[in-house]
Amino acid sequence: MSAETGKRAAITIDFKAIGPFVALVVLFILGTAINEAFLSSGNLSNIFTRSSFIGIIAVGATFVITAGGIDLSVGSMAAFIAGAMIVVMNGLVQTLGTGIETVLIGIVVSILLGIGAGAVNGLVSTRGKIEAFIVTLGTMGLYRSLVTYMADGGTLSLDFAIRGTYRPVYYGDVFGIPMPVLVFLGVAIAGYVLLNMTPFGRKCFAIGSNEQVALYSAINVDRIKTLTYIIQGLCVSIATIIYVPRLGSASSSTGVLWELEAIAAVIIGGTMLKGGYGRIWGTVVGALMLTTIGNILNLTDAISNYLNGAVQGLIIIVAVFLQRGDWRRKKN
Amino acid sequence: MSAETGKRAAITIDFKAIGPFVALVVLFILGTAINEAFLSSGNLSNIFTRSSFIGIIAVGATFVITAGGIDLSVGSMAAFIAGAMIVVMNGLVQTLGTGIETVLIGIVVSILLGIGAGAVNGLVSTRGKIEAFIVTLGTMGLYRSLVTYMADGGTLSLDFAIRGTYRPVYYGDVFGIPMPVLVFLGVAIAGYVLLNMTPFGRKCFAIGSNEQVALYSAINVDRIKTLTYIIQGLCVSIATIIYVPRLGSASSSTGVLWELEAIAAVIIGGTMLKGGYGRIWGTVVGALMLTTIGNILNLTDAISNYLNGAVQGLIIIVAVFLQRGDWRRKKN
Amino acid sequence: MRLSGQGICKSFGPAQVLHDISIDLYSGEVHALLGENGAGKSTLVKILAGYHQPTSGQLQLDGQPTRFATSDAGEKAGVILIHQELNLAEQLTVEENIFLGRELTRGWFLDKAAMRAETRTLLDRLQCDISPDARIRDLAVSDRQMVEIAKALSKNADILILDEPTAVLTGREVEILFGLIRRLRTQGVAILYISHKLDEIKAIADRVTVLRDGRHVATRAVADISKDDMARLMVGRDIAQMFPDRVADATTPVVLSVRDISVPGRVYNAGFDLHRGEVLGFAGIVGAGRTALMEAIIGLRVRSGGTIARNGTDISITSLSDAKKYGIAYLTKDRKGRGLLLNMDMRPNLTLLALEKFGSPLIDRKAEEAALETAIEAFDIRAANRKTRVGDFSGGNQQKLLLAKVMETDPDIVIIDEPTRGIDIGTKSQIYHFIGDLTAQGKSVILLSSEMPEMLGLSDRIAVMAAGRITGILSGDDRTEHEIMRYATGISDKNGASPL
Amino acid sequence: ADKIKIGVSIPAATHGWAGGLNWHAQEAEKDLEKAYPDLDFIIVTAKNPTEQANDLEDLVSVQNIDALVILPFESDPLTIPVQQVKEAGKFITVVDRGLSQPGIEDVYVAGNNSALGAQAGEYLKKRLDGKGKIVVLRGLPTTVDDERVEAFNASIKGSDIEVLDMKYANWNRDDGYEVMQDFLSRFPKIDAVWAQDDDIALGVIEAIKQADRTDEMFVIGGGGMKDIIKRVKDGDKLTPIDVLYPPAMIATAMGITALKFETKAAVEGRYILGATTVTPENADKFYFPDSPY
Ligand SMILES: Nc1ncnc2c1ncn2[C@@H]1O[C@H](COP(=O)(O)OP(=O)(O)OP(=O)(O)O)[C@@H](O)[C@H]1O
Ligand SMILES: Nc1ncnc2c1ncn2[C@@H]1O[C@H](COP(=O)(O)OP(=O)(O)OP(=O)(O)O)[C@@H](O)[C@H]1O
Ligand SMILES: [Mg+2]
Ligand SMILES: [Mg+2]
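Residue numbers (the numbering used here), protein chains in the order written: chain A, 1261 to 1592; chain B, 1261 to 1592; chain C, 39 to 538; chain D, 340 to 632.
In case anyone wonders, no lab produced these hints; they're calculated from the structure.
A couple of the hints might just be wrong.
To be verified - Capping the alpha-carbon separation at 25 Å, the derived lysine-lysine pairs in DSS-like fashion look like this:
#1 B/1534 to C/374
#2 A/1534 to C/425
#3 C/265 to B/1389
#4 B/1534 to A/1534
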């Protein structure tokens, strides 16, 4: 069996790398076939903009998963950070006014909270030697409770006075490219560089692939792992920064199940759930695929709404199957 | 550091084995301290009965996870099976009447569906060589859609005529032990025997520990893995059989997040998420712990309901930390 | 003739590693297979046992053409292979591994008592006292190898193939194994034996086949061929001198001074001095605590008490990166579990320990490639392809890559644990000379080895450990096998009371 | 003396309306406990019907309540569990969603989901003169959503109002926004949106604004969230009306239940809260700026 793999390594690897792109193209063709409006620039811009949230979070998740961890708390963390940002900015409107400073302080708060929340996940799991699954399941409940508590069970709304100032962060564009897409691109490129071109990224691969070897290679395993959770937290905070100006609110229903979507994007993109191998571009495509599937389902009424979930599930399975390229073997 | 493990193997392993029990006892003491009624036989019976659902499902999950897999679809699968059972039994009431036969046929349908759904998960992931995470994420959407579809977006309700016949399966007891608890105990014992005392169980361990070695030991890896998913399906169907008479209905919100609870019970119990090591008794205790935490939160209204999730999360982390026994090291 | 391969060829992708090889195994004969690292020995035996399919050529069993579609088919036909690479499930116990896939049952249930008893018997036959309930991951490598052998024994082989079984075994264990092989030979089992140790081949084999670069070079009766001839056939040239000429100079300054270090349960109050340009050997029976001591020194293991001084000043080392900072590097003896990332190719493995050298903030790929080029050259690493996973390398080439990895940090003090495990004789000599060159450059080497010749041939002084204590440090003419054994077994102890 | 314990079981604050419900329940607890010192309200929240059934058991077995106020997650699955509380001899007040079997509850404070759908439909018909193209955003696939949509469909039946498509937006703002974005890409002409819920409506409004099509259509939500009421009050053309479905009904129910123990009067029967249409004229009455909903 390994012989087989060895033998066709050259071809298979190439195909594996472009696999997700192929699957995405197939989805785009499907979308166009279902409704011409799919290819309208407005719709495409929607798809890319929407993918940004999950995409940015998933870039962070790629680090965590590559280094052999998992983070279930990202959705709650996003809700919590969004809530805290709103509270802080609403407070500042009174004193600082509705200028750019208020927004900037909000952003700084968001980043600090993201880093802090990530550090909590990382430190508790590494120092406490508790499975990341359990720790982040716990903090998932924790962060969500905190936002519910802050919002008194309801919704925290950004002061309308400040919305105008903050609005361009989501609704603005540069040369016609929406801001969120630009940020997503920036995060993806930064993530790519960090994961593939720096010692840090190399160490993530090493830890995910064999912790003992990493330890014997003078890698501070706990530190690197904690850093991956901090990067995850930072990514969540960036995603939140572009999320808040969109609807200007946060509640206990914000970000529900984002963790599942983020992890799914990562895995669809070809990163291994067991760690040791990660691929940022795959993750980006994975996030785009998930959004596109949702979009396509909204563009047709051929399918009973009740069956959306089924179609979504089947498309994900088939897309991943196609991109793995294993079906090509059968031919020989 | 590894020497530490080697050296103190005897003590550590013992502590690890009793760890979950210790954590459970601590929880019980906490419960009693908060409210004396905690120890009332009614309350204890409630806790045990409730743990049965998740517990039975988690026993199945122990097999899947031990063999290195994961099943995210169990919650939806439960909803789907419950829905199908209800539809079948309601139909039969017309022809067969409200006798025991109708219930029996419902149960048979449930078991067949459970086995079938498990087989789908297992076969698609092994034959299709697709990560179990993706496959079961897909079928999670699929099964949930199916129940929504069957219920036409609403709720499927068991015919009140048949409820009386079916009722004892949940509400009945033998020598004062509620039926669900008996069934749970039966499933746990069967699971324990299967996992620890048969060649099949040993193969699960081997596959989770090192698939290559298992393959070289003439183990049919795909078959064993598929079987673990089938066992998982069977467990879901058993849990559903005792669930249906309780609430007598199924809708698209039935069983939401049960997968997370089941996996959490398994991991809390000491089974390794990466596979290769599983412990049925740990899983049973894990399920009991999760239920007990929920129950304790209902014992007092000192804590804002909004913070339930936070308290729950913290207790889970602390309980797992305590039971791991790593804190004992610090002493030396 | 029991089993034979006729005209076997094998390619992995574009790389052909076996060219038209034929080999015959007879009942009651021990046939040795010899060749450099990467010559294709392991690949050939994997084909004979059904783990790989030949690209062309065929197998014959008792003269009948046959095909083993899987290793299972091979085993059913009585062909049992003990892998060079340990092939055990780490989280399972000894007993579970031995009976994996063919558990004894009573009815539907496992017959644990029977399996445990059987395991005990098997281990006893190997005079191995590990517990059937021990988990593999808690065992030392040599014990794991004994489990591997026990597992093969339990399968009642007609044709037994052993791929470098002695690379990780101690002298005593080798003796036990040889006794066993001789007994099996008289029982009519056909045995194929791979080793880089020519003494062993002389001692145990009847015939020897030599491979070079995937080609059959010769098959001879062992009685008719000298060790030198074997080495020559294998390497294709004369091996000039095994060990480098070195002049010990005991007056150089002390670069590392260790005092009073203990590791709870494994090492007690160990201390020694290491001089500049010196090779300090550490001898002892496996499990004596040499590895534990070194791991404690370099910060990989919690130690209690003691001091470490570098060039006369006390230093504190709490992690491997501290050790690295002080110019100390360590080469582990567990190359698969702790040395190399098996699922990756050579480049990331080579540079992992010295990553900061290859650029910051970004890794300089060109520099990495250049380093790889140099390392391949310097350590004679032979891989079919740059992109081959390290896990698919031949064992010896893995070892060379590991050595190259450690040397990337350019250390002043190198602690080398079993450096030539699985290395062919030609390369061994290269490594010895390499160590010689290091000391000539003023670097110091601590050599942990279970191979007596290399211990004696390389070390200036030899520290001997027994049961966690350094029982003596031998220098000059005291460095004899006999003396080492006296200290290693605890008969002599210069450093105080008997440890026992 | 021991206090009289009244258990209150409601869905957890997982979306806007339920958040309002929680807030009102807690406010009512404070007020009523102050007004009647011998009463102790115990509020428990559940994330799904199973959990709610568990809560009921706990209220009986460990809290030993005297009365239960419940807003069932769903009618069918909670019928038997509530019946058991009843059999344990407790006073039962059911809020909003009726149980599947009659005669279990002592008091029924009914919301009226059908009315919510019907009123929205009636308004649409009138406003659009009986013809036009609309889109509908539904909640989650549950009975509540079903009842609303069925009544809505019934009320526009026979008119020339064409429902272009209906999609689930899960009573969630983000989903409302995304689904509406896709409706907007798909349909060049939309006259009105029935969002059914104010959370969804807020997402829909942002999507319409982004597409710059605010003059083309209007949006009808439901529930009575303060943000929407404010817009109605301010005469926003996008949100001409809102249909009330006040989460404060839990407070009403708690109050009625308290009376059972505080007065000698017989407290029982059905209290039906209609779905009021909020217009710019009457919006003031329904605007609570301090409520989180
Ligand atoms: N699965 C594989 N894929 C690609 N190349 C392989 C694979 N297995 C072995 N090779 C290559 O085949 C060659 C022969 O390897 P083999 O393991 O047979 O050598 P060997 O003679 O056993 O060496 P050693 O003495 O070091 O164990 C090596 O170059 C190795 O890299
Ligand atoms: N029982 C054990 N439990 C855990 N780890 C072990 C055990 N035995 C060995 N090891 C690990 O394997 C490595 C080498 O073990 P080994 O027993 O060979 O070392 P040692 O006791 O120092 O003996 P030696 O003198 O042969 O080096 C060590 O790093 C140690 O951590
Ligand atoms: Mg080899
Ligand atoms: Mg109270």
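Hints, one by one, checked against the model:
1. B/1534 to C/374: Distance of about 19 Å is within 25 Å: holds.
2. A/1534 to C/425: holds (22 Å)
3. C/265 to B/1389: Given that 25 Å is the threshold and the Cα spacing comes to 50 Å, the pair is violated.
4. B/1534 to A/1534: Distance of about 7 Å is within 25 Å: holds.
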